[in-house]
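2 protein chains.
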Amino acid sequence: MRKVAVIGVGQTRFSGPQDKTGVELFAESSLDAITLSNLTPKDIQALFLGNVLGDFSEGQGMVQAFAADNIGAFNIPANKYDGACASSSMALRDAFTWVATGVYDIVLAGGVERAATMGTPLATRTFAMFSDSRYEYPCGITFPGVFALLAHLYAKKYDIPLEKLKEQMAAVSVQSYRHGLHNPKAHLRKEVTMEKVLSSFMISTPIQLHDACPFSDGAAAVILADEETARKLTDKPVFITGTGQASSGPLSSQQDSLPRLKAREISAKMAYDMAGLTPADIDICELHDCFSIASLIAAEGMGFFEFGQSGQAWLDGQADIGGKIAINPSGGLKSKGHPIGATGAAQVYELVKQLREEVEPERQVDGARNVMTDTLGGDGGTICNLILQRGW
Amino acid sequence: MRKVAVIGVGQTRFSGPQDKTGVELFAESSLDAITLSNLTPKDIQALFLGNVLGDFSEGQGMVQAFAADNIGAFNIPANKYDGACASSSMALRDAFTWVATGVYDIVLAGGVERAATMGTPLATRTFAMFSDSRYEYPCGITFPGVFALLAHLYAKKYDIPLEKLKEQMAAVSVQSYRHGLHNPKAHLRKEVTMEKVLSSFMISTPIQLHDACPFSDGAAAVILADEETARKLTDKPVFITGTGQASSGPLSSQQDSLPRLKAREISAKMAYDMAGLTPADIDICELHDCFSIASLIAAEGMGFFEFGQSGQAWLDGQADIGGKIAINPSGGLKSKGHPIGATGAAQVYELVKQLREEVEPERQVDGARNVMTDTLGGDGGTICNLILQRGW
Chain A
1 MRKVAVIGVG
11 QTRFSGPQDK
21 TGVELFAESS
31 LDAITLSNLT
41 PKDIQALFLG
51 NVLGDFSEGQ
61 GMVQAFAADN
71 IGAFNIPANK
81 YDGACASSSM
91 ALRDAFTWVA
101 TGVYDIVLAG
111 GVERAATMGT
121 PLATRTFAMF
131 SDSRYEYPCG
141 ITFPGVFALL
151 AHLYAKKYDI
161 PLEKLKEQMA
171 AVSVQSYRHG
181 LHNPKAHLRK
191 EVTMEKVLSS
201 FMISTPIQLH
211 DACPFSDGAA
221 AVILADEETA
231 RKLTDKPVFI
241 TGTGQASSGP
251 LSSQQDSLPR
261 LKAREISAKM
271 AYDMAGLTPA
281 DIDICELHDC
291 FSIASLIAAE
301 GMGFFEFGQS
311 GQAWLDGQAD
321 IGGKIAINPS
331 GGLKSKGHPI
341 GATGAAQVYE
351 LVKQLREEVE
361 PERQVDGARN
371 VMTDTLGGDG
381 GTICNLILQR
391 GW
Chain B
1001 MRKVAVIGVG
1011 QTRFSGPQDK
1021 TGVELFAESS
1031 LDAITLSNLT
1041 PKDIQALFLG
1051 NVLGDFSEGQ
1061 GMVQAFAADN
1071 IGAFNIPANK
1081 YDGACASSSM
1091 ALRDAFTWVA
1101 TGVYDIVLAG
1111 GVERAATMGT
1121 PLATRTFAMF
1131 SDSRYEYPCG
1141 ITFPGVFALL
1151 AHLYAKKYDI
1161 PLEKLKEQMA
1171 AVSVQSYRHG
1181 LHNPKAHLRK
1191 EVTMEKVLSS
1201 FMISTPIQLH
1211 DACPFSDGAA
1221 AVILADEETA
1231 RKLTDKPVFI
1241 TGTGQASSGP
1251 LSSQQDSLPR
1261 LKAREISAKM
1271 AYDMAGLTPA
1281 DIDICELHDC
1291 FSIASLIAAE
1301 GMGFFEFGQS
1311 GQAWLDGQAD
1321 IGGKIAINPS
1331 GGLKSKGHPI
1341 GATGAAQVYE
1351 LVKQLREEVE
1361 PERQVDGARN
1371 VMTDTLGGDG
1381 GTICNLILQR
1391 GW
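From first to last, the protein sequence lines stand for chains A and B.
Counting along the first sequence from 1, when you hit position 86 you're at 86 in this note's numbering, and nothing is skipped either side.
Counting along the second sequence from 1, when you hit position 131 you're at 1131 in this note's numbering, and nothing is skipped either side.
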């Protein structure tokens, strides 16, 4: 297997409803990535795209074919992946394999979504279809409810009073908003205090408004190349050294492990083993904070903190820049936003910019070498992790 | 790259609306494939699934995660692919690469759809979203209209009177129905005469009812393994020796080549070059006859007949068993049926059964060694071709 590097990245600003189509949004991010890679669209040999709700949000299925054609990457093989919120991570993992094995030298991967265009109520209802359609959402549960259940299980399992857990969750949101304020590509840029989080309206006890991420419109794109090609095109290649992925069935089939998500622990281990790293080696992690309780569960599942301890770690600044590990310096899904199929690729965008030390000084993590992504689709149905390392 | 073999296949009967969910249908086909491969579900290392309309037809997104869990292949990486009607071919091409490159030894690929459950009017409307959402279906065109336009272009370009073309197209349908009559897994099993096709009601001039395939419910599954593993598990491995895939944008961007589909010609060449074969080497082809005009265009695009000549070839029996090449001995999409995301995998099911000489005697092609699939998604947006060869 050849070494595979990210040589260029692009991202639109994440936002509320857009006039641009998904094809146009993806063009914006991918042409940026292609230009940054010193390439032109005709150099792209294949496209790997995450997109989940395109048929619902704008009536466009198979968007990858039109996206490739639109940027002038004519007639290339173009795949679309659906793993709910983990879709573009899945696309990236696949793209990695096609390059690592020598079939392609230069490929484009990424994701696009117009989730905000649907409006939150419709998007929430539609997106519930990514839980089990037999036994879960027909009972009326949507994802805020799923994560509220996980929060209750978490509080009970680790014997944390619910009021204390709410405070821990609020610390996650406050930190994310603080970083997103300095991210010009973020959807929600505002300062939010602990008090504001705790007094925001209740969505699904104990999850409050500011514990939840928004649905966003946006796109992100990543150019991957084999090492030899990469070294010719950039002096700052970022190597993908570990990839992991695992699936789960309905929550009922996960009950022996909940609130721990077994799929994440399997996926993360796969990525660590492949990269030859341990959690202690990771300097920055962009993880899937769709709800702040999801951040606590994720950080523990990837081994950054002991089980039941991550909320306190957030309160203590150990999950922040300068702490044990810098988590979501982009602002995360909470502030940067969550255009579902684009989220995994946007995590890679942030981490590559971080390693290149090209982000705003307020949220730059200095000297980072090893970084990691985490995306969670549905209620654990798909989890993907990627590990990237500075190549210079 | 290692050689990769198909060691087992499974398919549900294709049918009208089913009570079974997509997860249940896929279980039926995949457990058959696993059993035929002398494996158990815990041997499966990853799942690659095609499914297109699952969220519309039964409210189930990310069906692959639930499908893997349901058969007992717990926590494996599970990808879902959308390339419209080419989805499971895309999934198979990807699965092939993961095995060829040594990451996995044994994987499950396939597809599932409940297109019939939606009913033809809703499925036709919904599926139109797989054409261009900016300039095509908002004008009111659905796929029967797209293929009717191609038929007119075809007649004009090759100077074939429309009445003659209708007769040629009817010959495609008559042949498909004749083979499907002997396929116990086919959706529409009945004898249809040339007169019946030509007197069936007009859908979109010149396309009549019996020129069009049905929407079906169904699933198909394929087990892939590396050569060493395959030889231990079966004495009849069928090797995948060529894969091709290409994309196109809207019809407007394809106008220089229409009615020829450039993406197919690129994809087929990719597959031939990889396998080291030419069209003359192919004994059987399962091709994408969503409409009978599509069969004529496909057979020419893959090089089986001269451009403008394939209709006559069908009339002369040259596309039938005993002719130049046996096309769609399964009954094709026309008679076997078209559960969109499952169609590519079902083509592989048929071809593996043909190579093993395990199909009904009326439609068995004797002594075949090299076979090929062809699937077309949308109006040329995605085209995939696979070449398989007898390995004993």
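These are computed hints drawn from the structure, not numbers from a lab.
Among these hints, one or two may not hold up.
Straight-line alpha carbon distances no greater than 30 Å define the calculated DSS-like cross-link-like pairs of lysine-lysine that follow [claimed, not checked]:
#, chain 1, residue 1, chain 2, residue 2
1, B, 1042, A, 20
2, A, 324, A, 269
3, A, 262, B, 1262
4, B, 1042, A, 269
Worksheet item: Within 30 Å, alpha carbon to alpha carbon, are residue 262/A and residue 1262/B?
Response: violated (45 Å)
Discussion item. Check the hint pairing residue 1042/B with residue 269/A against an upper bound of 30 Å on the C-alpha distance.
Written reply: Satisfied, since the Cα-Cα distance of roughly 19 Å is no more than 30 Å.
Discussion item. So if I understand the rule, the pair passes when the alpha-carbon distance is 30 Å or less; does residue 1042/B with residue 20/A pass?
Written reply: Cα-Cα ~45 Å, so violated.
Worksheet item: Between residue 324/A and residue 269/A, is the straight-line Cα distance small enough, at 30 Å or below?
Response: holds (19 Å)
In summary, the structure is inconsistent with hints 1, 3 from the numbered list given earlier, while agreeing with the others.
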